[in-house]
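Novice: These protein sequence lines are chains A and B, in that order.
Under the working numbering, the first residue of the first sequence is numbered 5, with each subsequent residue one higher.
Under the working numbering, the first residue of the second sequence is numbered 301, with each subsequent residue one higher.
Just so you know, these hints were derived from the structure itself, not from any lab.
Glycine included, each C-beta is placed from N, C-alpha and C at the ideal position.
It is possible that part of the hints are untrue.
Residues of chain B placed beyond 10 Å of chain A at every Cβ, according to the derived structure [claimed, not checked]:
1) Ile304
2) Gly425
3) Ala432
4) His458
5) Asn509
6) Asp625
7) Ala627
8) Ala634
If you want a taste of the chain A side facing chain B, the calculated C-beta under 7 Å gives, among others [what the hints assert, rightly or not]:
9) Glu94
10) Asp100
11) Ile140
12) Thr171
13) Lys200
14) Pro331
15) Pro334
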Amino acid sequence: MSIEINNEVYETRPMDCWPKMKELRRKHFWHTWNAQKQGELLFLGQVYRNQGFLQGWGNYANPSIGVHFTRLTRTPNAEGLTHVIEDAEEYGLGRDVCGAMKAHIGQIFNGMSQTSPQGDKFRHDVAINGLGCHAIMKTTQLAAEYMGVPHFLIDDTFGRHNARTNTIEYDENARKYWLAQMLDFIEWMEEKTGRKFDDEAAIEGLKAEWHSKLTWAKCLELMQNIPSPVSMRTAISLRIPLTTNSSDPEVADYFDILYDELKHRVDNHISDHKYEKIRLTHENQHPLYRADILRSPEKYGAVFVAGVMAEAATIAARDENYHYFIPENPFDKGLELKSRENILDNLWQMRTVSTRSGGPGTLPEVTYHRVMEWNASAVVVHNDRPCQAMMCTSLDRDSYLREKGIPVGNYNSSQGDPRDFDERRILGPNGELPTFYESLGLTRLESK
Amino acid sequence: MGTIPEINNIVTNRHDVARDWKVKTGGKVIGYLNIDLPEELIYAAGILPVRILGSHEPEVITDPHMWNMMHCVFERDCLAQGLQGRYDYLDGIIHSEGDPHEESCFLSWTRAKPMDYQYRLCVPGAYGLHHAQSFLRGEIAHFKQSLEEWTGEAISDHAIDRAIEVYNKSRRLMNQLSELRKSDTPPISGAEFMETALAGMLTDKENFNTLLEQFLIEIPKRKKEDNGGIRIMLSGGPNDYIDVIKSIEDMGARVVVDEHDTGGRYYTTDVIPEEDRLNALSARIINKPRSALKDMPERTRHQHLIDLAKEYRAQGVIFMYTVHDDAEQFDYPANKAAFESIDIPTLMLELDFTNPLEQFRTRVEAFLETIEPVGV
């Protein structure tokens, strides 16, 4: 199948709100180191499914997989990252364990996660987890044990996949289970931290979280336009405040500014890349220490415009036909949360809006529709060696796309472990990605 | 024919055994990929549940579905069997959610070869959670309803009671067999025990119980050739590598206990009958010794392993898990440390489709040499 090459040349302009993103990112790091000094809680674990709700205990910080992670990825050849991974392996974790999680626990084993740049030592207050990925759950268990931090696990695996209809069912049994856990969690938190849950603060947190996540979903939708106002590489960076704390009102405001700027660029055909000879999607998590991989098609005048990780952490959903849709913000319709039950109902609504999760069961169809909706014509898949969740049915997805006439190119490494990244094999002259781009009819811009 | 050849026949000719059962009874057969399910319900519906296992042969048929450098070899091997058509007699397949590689096996299999009945049982992500049992009870109720809709027949309380009785009897008999391994000169080898355990997952439990009763009668008459040997415990996820276990025992070890889910873990913990039968089934799954994947939020598995090792007087522990089984890899450091704390040495062997038995031999021999034999 031949792919049409678009030879239009677009006006480019840097994003005005880029410095704001960097400011929010910097604030996030410093907040991690100073939160406890300000009397705020410091959470260990992955909390981004409950960011707004946790505001019920006031402002808090959560460094996710380690506040030094990004800095480590920027050391020469990401050697800093390799060192912390080796610390985790010295403890006994095997070579096949998720690289990102080994980087996380390695920073804890060597004390980096508990030390500020000024040398202040601190210990996280509580460890919580609300994710279905077993690697994350097992790592939090280990981290909490190692640090002697109280640990609460919220089981998120309650959606029942119907193998016949390929939908996720959230029935009363699931709702009761989740609700009971959340009520226990509130009680547990009050006991462990000595702080009462403040309904009003949680409501404000939820409002901000809904707003940030839905606005980001709308930003992504703007990227369906030709040209896309930004590439996925840029989008992934612009998204950072969503993952650090979507429930911060300043972050919610940032996403409004971002949306307006992207909309302006769409209206005026402005992009951050000159060409869109071919639009591609990037599937699975890219190597976090080599975000430049998302720029690799740009050398050929092509661009990534979408991918599963851009969609992650939004409240955007897939309908019964696997189509992308953005739910209405319940607060825009005048929703008032008058009780704790209302708060939990609202959180439940946020969590269960999609009946086509984009998880392994629906992966091929969801990816296909993403390609169609973002006007892409080819897909690059990162075979993330140690990530069990991402690799689940990943190859079936590739076959499905090829059957639909969509070219798929693969490269193999891992999202967190630089030792798995073979530069020559992936990006060298005859590497996996250059040869794939060339197979699409593209040529390197420099060679012209 | 003695019992052991019969057991061996069930394991070796598992597909013929299941097909024969179908012909004789006219019933349906369901394959399952994981032991965290209420098998009793399937049995109560008049269906034969059989554990899906691999064949340990090199294969390429899974290459379009699973990266061979990335996926757990056990699940890949199971998928290979399905794609090769070796399980074509199955009417249905069940998978209980949790392990992404198993999920991959289930989804790839059912996409490539859809079955009349395919069900994903939603089980809690961790079994140490307060509400896990009641949630699972609700999911089991849904599963029951789904089975009833498929077969067109209600599953009666009486049938469930009977299934519980049959399954509990299997557990009791296997535990009796296991008890014999506590002796200084166990009358049954570890390989024989593991093969017996597997046989129980591959045939009608009632027939299996008869076989076990017969075996327990035969055992005292067996000629005692055993001189003891170094007492070894095995730990890990699924392990149906009987040849590897035999080879360990050929080197002077005696496998006296295991916690594999193809072995001891499958047979521990009875269903405690109660009026709410589904709750009883749920309770068993939640309360049985936990696998690496479900042992959260608090860690209990290492203590269970220590208890088992002490009970069976294990002198060494061999962790055996399949390549790319990262849940086991997460638990390994804590389990190893637990044994070190009570001065029980450990060795870790990673299992693949086919195993380097000679390399294993060198490693196991070296390991056994570090353990002082009893009485020296």
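Novice: Against each hint, give a clear statement of whether it holds in the structure.
Specialist: Outcome of the hint check:
Every beta carbon of chain A lies more than 10 Å from that of isoleucine 304(B), the smallest distance being close to 36 Å; the non-interface claim holds. Taking the minimum C-beta to C-beta distance to chain A, about 4 Å, the non-interface status of glycine 425(B) is violated against the 10 Å cut. Not every C-beta of chain A lies more than 10 Å from that of alanine 432(B), the closest at about 7 Å, which undercuts listing it as non-interface. Every beta carbon of chain A lies more than 10 Å from that of histidine 458(B), the smallest distance being close to 25 Å; the non-interface claim holds.
Even its closest Cβ contact with chain A, about 32 Å, leaves asparagine 509(B) beyond 10 Å, as expected for a residue assigned away from the interface. Not every Cβ of chain A is farther than 10 Å from the Cβ of aspartate 625(B); the closest lies at roughly 8 Å, contradicting the non-interface assignment. The claim that alanine 627(B) lies off the interface is violated: its Cβ sits roughly 6 Å from the closest Cβ of chain A, which falls inside the 10 Å cut-off. Non-interface status of alanine 634(B) relative to chain A is broken: a Cβ of that chain comes within 10 Å, the nearest being about 8 Å off.
Because the beta carbon of glutamate 94(A) sits about 10 Å from the nearest beta carbon in chain B, more than 7 Å, this interface hint is broken. A cut of 7 Å between beta carbons decides the hint on aspartate 100(A): the least distance to chain B is about 5 Å, and the hint holds. Because the beta carbon of isoleucine 140(A) sits about 11 Å from the nearest beta carbon in chain B, more than 7 Å, this interface hint is broken. Nearest Cβ of chain B to the Cβ of threonine 171(A): about 12 Å, over the 7 Å cut. The hint is violated.
Contact between lysine 200(A) and chain B, as hinted, is not supported at the beta carbon level, the nearest pair being about 21 Å apart and thus beyond 7 Å. Violation of the interface hint for proline 331(A) is found here, the shortest Cβ-Cβ separation to chain B being roughly 24 Å, above the 7 Å cut-off. Using the Cβ-Cβ criterion of 7 Å, the hint placing proline 334(A) at the interface with chain B is not satisfied: the shortest such distance is roughly 26 Å.
When held up to the earlier numbered hints, the structure conflicts with 2, 3, 6, 7, 8, 9, 11, 12, 13, 14 and 15 and fits the remainder.
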